[in-house]
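Participant: One-letter residues, chain by chain:
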Amino acid sequence: MDEKLTITQGPHVFDRLSTQNMMYGVCLALIPAAAASVIFFSWKAVALMLACMSSCLLTEAFFQRLRGKKICIDDGSALLTGLLLAMVVPPDLPVWMAILAGVFAIGIGKEIFGGLGHNIFNPALLGRAFLSAAFPAHMTVYSAPIDAFTSATPLGLMKFEAVQTDLWSLFLGNVAGSVGETSALVLLIGGAYILIRKYADWRIPVSFIGSVYILGEALHLLSPGKYPSGLFHLLAGGMMIGALFMATDPVTSPVTKSGKWVFGIGCGILVIVIRLWGGQPEGVMYSILLMNAVTPVINIATKPKRYGT
Amino acid sequence: MFKAFSGGVHPREQKEGTKDRAISDVRIPLRVVIPMIQHTGAPCRPVVKIGDTVKKGQIVGRVAQFITSPVHASISGTVREIKEAPHPTAGKSVSVVIDSDGKDEWDTSLRGRKDAAGLTKEEITDIIKESGIVGLGGAAFPAHVKLKPPKKIDTVILNGAECEPYLTCDDRLMIERPAGVIKGLLLIMKALDVNKAVIAIESNKPNAVESIRGALKNPDIRLEVLPTKYPQGSEKQLIEAVLKKRVPPKGLPLDIGCVVHNTGTAVAIYEAVCEGRPLIERIVTLAGDCIKEPSNLKVRIGTSIKDLLDECGGAVKEISKLIVGGPMMGIAQPTMDTPVIKGTTGVLFLSEDEARFFDETTCIKCGRCVDACPMNLLPSVYAKLVKKEKWEKLDDYNIDDCIECGACSYLCPGRIPLVQYVKTGKRELFYMRKGAQ
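Residue numbers (my numbering), protein chains in the order written: chain Z, 1 to 309; chain Y, 1 to 437.
Since the hints were made in silico from the structure, they are not lab data.
A virtual CB, placed ideally from N, CA and C, is assigned to each residue, including glycine.
Do not take every clue at face value.
[Stated by the list, open to error] If you anchor each label on the Cβ, the simulated ranges turn out as follows:
| id | chain 1 | residue 1 | chain 2 | residue 2 | range |
| --- | --- | --- | --- | --- | --- |
| 1 | Y | Asp401 | Z | Leu222 | 41 to 51 Å |
| 2 | Y | Lys390 | Z | Val297 | 18 to 28 Å |
| 3 | Z | Leu290 | Y | Lys390 | 44 to 54 Å |
| 4 | Y | Pro249 | Z | Ala301 | 16 to 26 Å |
| 5 | Y | Arg12 | Z | Gln280 | 41 to 51 Å |
[Claimed, not checked] Okay, derived cross-link-like pairs now, DSBU-like style, lysine-lysine, Cα gap no bigger than 30 Å in a straight line:
| id | chain 1 | residue 1 | chain 2 | residue 2 |
| --- | --- | --- | --- | --- |
| 6 | Z | Lys305 | Y | Lys217 |
| 7 | Y | Lys292 | Y | Lys317 |
| 8 | Z | Lys69 | Y | Lys384 |
| 9 | Z | Lys4 | Y | Lys390 |
| 10 | Y | Lys244 | Y | Lys292 |
| 11 | Z | Lys257 | Y | Lys434 |
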């Protein structure tokens, strides 16, 4: 026997993309949004990003240590959760709250379920949901970019004051909102990158964005005075970061092709329902979390048809 | 382009090293080891004794069964041993070891029939059976069995897809011997009483396409160029791509009126029927970054891989993995003593850089395996169920439909050996069902 010959089952060659590449790749795709947030909110954005990322990484290491597992925080998943969490909190959030949210996101959102791959809810969104529940006052105060005066978000203005923000500002992002959600432009650049590199499946963003646009625009055409346009829905609030970076989280979205369509459309419908008829101006976070919850059911219901039948 | 099957992947083709290497002859080996298992079906039993003198083309192993195929001496000489020897797919097999007498003489009872037109379909099928022809694409299913289908066949598909990376043996055969390919196909059509055939070639073999097109004069045979995608050469996927029809679950191509043969098999059939040559040699692609001269060689059955490596100028770096077949479905070998058998399409000598080994990590449920699966299955679910030993549940997810093409494992970012889990799952399910009876 030639002892140096390795024996494994096939295949013996692999695609270049690994889980680690995927996680760091998505982090890379968030760099335009992170850069924009620094321009809009300066040091506050930097502090929040650092706080969230480090608390997520440390929490992950702590739990892995606690459970006697190999510490593998270098897989990039906790870093990504931290970065995403920072992107979706208000720029004026106290740093200690951001740290707490990071601990919650990883500890309760991910590690309690068994770590990477086992969690039901998107950890970053769960961290944000925790903040909304624990510190509602801080989670509803937003400041405008650059000048930093407290200001209502475009969705808040639309819902409570019937004031429409112009679409161009929404596209560029110089409006009030969470740290990294305001500029559709930079998020689309990052989103295009993750889709081209296949870090995420295209079906979810396409069905999510498509259904929000179609539903929003249809209602707008029925009652233009009452409901904003489809394009407004797409560009306002957390829609872009949600559809491109949150709903596409592989762990918490369906594995089947048709399931991905169902998931995206479900998110889209919920966003419109919450935004137009719910008590809150924004619904992206809850719609994704709700669809996360039904993902196991979607997987079962969309089991592919047997080949040749 | 809709000429495709669902799912599939695009591994790096890696065919540059050998696709322009013309098929060349090799020295007659001093010794051949001829396994009694070289086909799907009943293993042969040796019909020669130690010390017997054998001629090239003489039968050395056979068994009286329908699904089997006799094996022949590939050189003339003396039977030295009959023993268990390394086997590329079965691990070990009883093998007849023949030492060459240096004369390379044919068995004189063999004769060609240039007048193949006068043969009946039964005569053609019998010659193919006696000549030990099996599917040369890798699966090695006895060719004569596929020529006696219990149902009416209307289309023959000749498989020139060669979708495995590195391999170019069929490509070269189509380039160099287009007439043999077509004549073999006509014999298959005659044996099946079919007047419609398709030769299917992937688009990454333009020279083979041109060669076949140039030689093709029969209007009943259509040439189909398919967009390159793995596993196009898999029978069910090829049928789907060519005929837009799917073979039903647990079914065979003949259930939808179709039979698939490999291009190499067609040439072997032509040589058996018209030249009276049993299957004693085949074209093998030798490739990988460890060998000096990647080649396409015409190799006698039973030649050891070690001999072939010498023939290609030896190794230029340390061989980390020795694979018989392609890199997707091929089997890693523990030793260079493994012989070439009828189903050996290629031998790959890969360094550590080229055949990297990854540790399994966790499933992130990305669904890339589901996307890649050409059989509409959920590979990630198999891995989960096998780990939990829930064998009975595997049936609910139609695990037996899996063709083990490896597209899922190839794409898995967690490097989970999904095919390995499927094989384990199928085996355990099989034993469980057997135990229940």
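Participant: For every hint, state whether the structure bears it out.
Facilitator: Okay, the hints, checked on the actual structure:
no. : hint                              : verdict
1   : Y:Asp401 <-> Z:Leu222: 41 to 51 Å : holds, 47 Å
2   : Y:Lys390 <-> Z:Val297: 18 to 28 Å : holds, 20 Å
3   : Z:Leu290 <-> Y:Lys390: 44 to 54 Å : violated, 29 Å
4   : Y:Pro249 <-> Z:Ala301: 16 to 26 Å : holds, 21 Å
5   : Y:Arg12 <-> Z:Gln280: 41 to 51 Å  : holds, 49 Å
6   : Z:Lys305 <-> Y:Lys217             : violated, 41 Å
7   : Y:Lys292 <-> Y:Lys317             : holds, 9 Å
8   : Z:Lys69 <-> Y:Lys384              : holds, 20 Å
9   : Z:Lys4 <-> Y:Lys390               : violated, 36 Å
10  : Y:Lys244 <-> Y:Lys292             : violated, 43 Å
11  : Z:Lys257 <-> Y:Lys434             : violated, 35 Å
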